[in-house]
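Place chain B on chain A using the hints.
Listed below are the residues making up each chain.
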Amino acid sequence: MESLTHQAGADGVDMDAIMQQMAEHKGCGTSGGSGKSSCGSSAGPSDMPAEIWEKVKNHPCYSEEAHHHFARMHVAVAPACNIQCNYCNRKYDCANESRPGVVSERLTPEQAAKKVVAVAATIPQMTVLGIAGPGDPLANPAKTFKTFELIAKTAPDIKLCLSTNGLALPEHIDTISKYNIDHVTITINMVDPEVGAKIYPWIFWDHKRIEGVEAARILSENQLRGLEMLTERGILCKVNSVMIPGVNDQHLVEVNKAVKSRGAFLHNIMPLISAPEHGTVFGLTGQRGPTAQELKALQDACEGEMNMMRHCRQCRADAVGLLGEDRSAEFTTDKIMDMEVNYDLESRKAYQAAVEQERVAKVEAKNEEMAALAGEESDVKVLVAVATKGNGLINEHFGHAKEFQIYELSTSGSKFVGHRRVDMYCQGGFGEEDTLGTVIRAINDCHAVFVAKIGGCPKNDLIKAGIEPVDEFAHEFIEKSAISWFKAYLEKVKSGEVSHVARGDAEIRQGALIAE
Amino acid sequence: MAYKIVASQCTSCSACEAECPNMAISEKGGTFVIDPAKCTECIGHFDTAQCVAVCPVDKTCIIDPSYPRYQA
Numbered sequence: 000m001e002s003l004t005h006q007a008g009a010d011g012v013d014m015d016a017i018m019q020q021m022a023e024h025k026g027c028g029t030s031g032g033s034g035k036s037s038c039g040s041s042a043g044p045s046d047m048p049a050e051i052w053e054k055v056k057n058h059p060c061y062s063e064e065a066h067h068h069f070a071r072m073h074v075a076v077a078p079a080c081n082i083q084c085n086y087c088n089r090k091y092d093c094a095n096e097s098r099p100g101v102v103s104e105r106l107t108p109e110q111a112a113k114k115v116v117a118v119a120a121t122i123p124q125m126t127v128l129g130i131a132g133p134g135d136p137l138a139n140p141a142k143t144f145k146t147f148e149l150i151a152k153t154a155p156d157i158k159l160c161l162s163t164n165g166l167a168l169p170e171h172i173d174t175i176s177k178y179n180i181d182h183v184t185i186t187i188n189m190v191d192p193e194v195g196a197k198i199y200p201w202i203f204w205d206h207k208r209i210e211g212v213e214a215a216r217i218l219s220e221n222q223l224r225g226l227e228m229l230t231e232r233g234i235l236c237k238v239n240s241v242m243i244p245g246v247n248d249q250h251l252v253e254v255n256k257a258v259k260s261r262g263a264f265l266h267n268i269m270p271l272i273s274a275p276e277h278g279t280v281f282g283l284t285g286q287r288g289p290t291a292q293e294l295k296a297l298q299d300a301c302e303g304e305m306n307m308m309r310h311c312r313q314c315r316a317d318a319v320g321l322l323g324e325d326r327s328a329e330f331t332t333d334k335i336m337d338m339e340v341n342y343d344l345e346s347r348k349a350y351q352a353a354v355e356q357e358r359v360a361k362v363e364a365k366n367e368e369m370a371a372l373a374g375e376e377s378d379v380k381v382l383v384a385v386a387t388k389g390n391g392l393i394n395e396h397f398g399h400a401k402e403f404q405i406y407e408l409s410t411s412g413s414k415f416v417g418h419r420r421v422d423m424y425c426q427g428g429f430g431e432e433d434t435l436g437t438v439i440r441a442i443n444d445c446h447a448v449f450v451a452k453i454g455g456c457p458k459n460d461l462i463k464a465g466i467e468p469v470d471e472f473a474h475e476f477i478e479k480s481a482i483s484w485f486k487a488y489l490e491k492v493k494s495g496e497v498s499h500v501a502r503g504d505a506e507i508r509q510g511a512l513i514a515e
Numbered sequence: 000m001a002y003k004i005v006a007s008q009c010t011s012c013s014a015c016e017a018e019c020p021n022m023a024i025s026e027k028g029g030t031f032v033i034d035p036a037k038c039t040e041c042i043g044h045f046d047t048a049q050c051v052a053v054c055p056v057d058k059t060c061i062i063d064p065s066y067p068r069y070q071a
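In the order they appear, the protein sequences are chains A and B. So the first sequence is numbered by numbering that gives the first Met the number 0: it starts at 0 and just counts up by one. So the second sequence is numbered by numbering that gives the first Met the number 0: it starts at 0 and just counts up by one.
Hints are computed from structural coordinates only; laboratory data are not their basis. Treat each hint with caution, since some may be false.
What the hints assert, rightly or not - Quick list of in silico lysine-lysine cross-link-like pairs, DSS-like style, CA-CA up to 30 Å:
hint, chain 1, residue 1, chain 2, residue 2
1, A, Lys145, B, Lys37
2, B, Lys27, A, Lys207
3, A, Lys491, B, Lys27
To be verified - Okay, the calculated bits of chain A under chain B, using three or more residues with CB under 8 Å as the criterion:
hint, segment
4, 74–83
5, 196–210
Claimed, not checked - What follows is a list of derived Cβ distance ranges for each label pair:
hint, chain 1, residue 1, chain 2, residue 2, range
6, B, Asn21, A, Thr121, 54 to 62 Å
7, B, Glu26, A, Met336, 48 to 56 Å
8, A, Glu53, B, Asn21, 45 to 53 Å
9, B, Ile62, A, Asn390, 34 to 42 Å
10, B, Lys27, A, Arg502, 16 to 24 Å
11, B, Phe45, A, Val359, 31 to 39 Å
For every residue, glycine included, the Cβ atom is placed at its ideal position computed from N, Cα and C.
Excised from the complex, chain A in its bound form (with noise of 0.2 Å):
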């Protein structure tokens, strides 16, 4: 019965220790359940059909252009899971920790269709609820579809999600369109099962823990049917793929003609969040997380089959807020217990008609900026990086910033093509390290990075570091700000005023956030 050992690891890694390292991990200091979770495109309505436009316009993670204005929450109703990932330790359990497979409370569907109801009276652009885990959605079936039956009920508006593996999928897909699940996300990070064999070692299926390459044949088709028959129902379905560097980097290129051939609206190539601290098996074998660099490389190279996310935040199971905060912590069980909901329909729908205007406003000032730069013609790219609280604006501080959302200039217009996270980490239990070396590193890559306000301090070491800090933009519109700066670039480089230089990589940062 002892005889679930596993696998040597390809490299001879002790696999015995490794898992009884993760057994023990206990890891950060807080204490409560486990956790897991997933997460859109940067199209616009100009680039889908109208359809599908409508169906994903205020979802979060299903359009970038979405996530500025609109939040989601996760409910960690679905604590087990049916199959064990390398980049996961369900032991591991951190308030702090911002990541999938992280969750500070479980809940039962009664209190998670409370807490929706109270969150999306509190935040009027809350339009998405998401089940992701901790575990798995579909290895709880009951809490999972419960917890939307009861939501359906109460928040008619909000929209419903999952995100799975996709082993349970094709067993589900009935129910998942009878309760009206609008999005469902699959993480599939494989088509080949030699591949899925060192990202999984073991599957639960048909009351059998199957290892090995078998398991990972078995995962595949499921995911793939699974895929196959959303399509049919016209249910949209977003793919995550984890890049993890050595392992599946190469092979997600396949993974994306496969998606798109079976009718997956978007693709997300996320990267493999991995520390020792973690206390996952990639953590502790020292796979490293791919550079800021190599995720845009691939995520480049498949857009030009399908839509791509770069928006992802990789969230927890119990997120609430926009993507990128978190306001878990005032909607915990008690809290919502004592508030007194009043669930107004009217007024959320006159916020959502205000963003409306607000999105027509912004595309506009794009438009005219863009008229700006016709007949310009260059083969400069540059990279920047924009301090925002949201809503597509220049609206924060840099020394407030936790995050940056960085934009790819050409003549062809500005692209969003990711974010960086730069708050305060743990390293191994150390404390912080220098901030502003952190915050560089992190934007390494960018030519300048533009803020509602700056000190005097970083403004001279971001020069020094090659980075133009850029406050003449303040408080307004991100896409329009930064093509007029970059068509005074452009005119700088032709009149000899400044050389374009190429910058180098940057780093995608690990580990648990620091409390507060």
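Using the frame of chain A, we list chain B on its own:
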């Protein structure tokens, strides 16, 4: 013998509760416990103990040697 759950290892994910053919597993004090009177080690139901096979943390569902071996 019956199986038992090592409380310090249990993540309370509840996966075992749903898989147990004897309804022997329930939540108690934040983690899950196996009722040794109901546990049949899955003999007669499945080839392997379901709690062991589904548990995400190794060496968490283990044989409790203080009980005699289950006889089908």
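Going down the list of hints, with the structure as the test:
1. This hinted pair checks out: Lys145 (chain A) and Lys37 (chain B) have alpha carbons roughly 28 Å apart, not beyond 30 Å.
2. This hinted pair checks out: Lys27 (chain B) and Lys207 (chain A) have alpha carbons roughly 26 Å apart, not beyond 30 Å.
3. For the hint pairing Lys491 (chain A) with Lys27 (chain B), the CA-to-CA distance comes to about 69 Å; that exceeds 30 Å, so the pair is violated.
4. Residues of the segment 74–83 of chain A with a Cβ under 8 Å from some Cβ of chain B number 5, which satisfies the need for three, so the listed coverage holds.
5. With 4 residues bearing a CB less than 8 Å from a CB of chain B, the segment 196–210 of chain A meets the requirement of three and the coverage assertion stands.
6. Distance hint check: the CB atoms of Asn21 (chain B) and Thr121 (chain A) are about 44 Å apart, inconsistent with the given range 54 to 62 Å.
7. Checked against the hint of 48 to 56 Å, the C-beta distance between Glu26 (chain B) and Met336 (chain A) comes to roughly 20 Å, which is inconsistent with it.
8. Separated by about 49 Å at the C-beta atoms, Glu53 (chain A) and Asn21 (chain B) satisfy the suggested range of 45 to 53 Å.
9. For Ile62 (chain B) and Asn390 (chain A), the Cβ-Cβ distance of about 59 Å falls outside the hinted range of 34 to 42 Å, so the restraint is violated.
10. With their beta carbons about 57 Å apart, Lys27 (chain B) and Arg502 (chain A) fall outside the hinted range of 16 to 24 Å.
11. For the pair Phe45 (chain B) and Val359 (chain A), the supplied restraint of 31 to 39 Å is violated, since their beta-carbon distance comes to about 60 Å.
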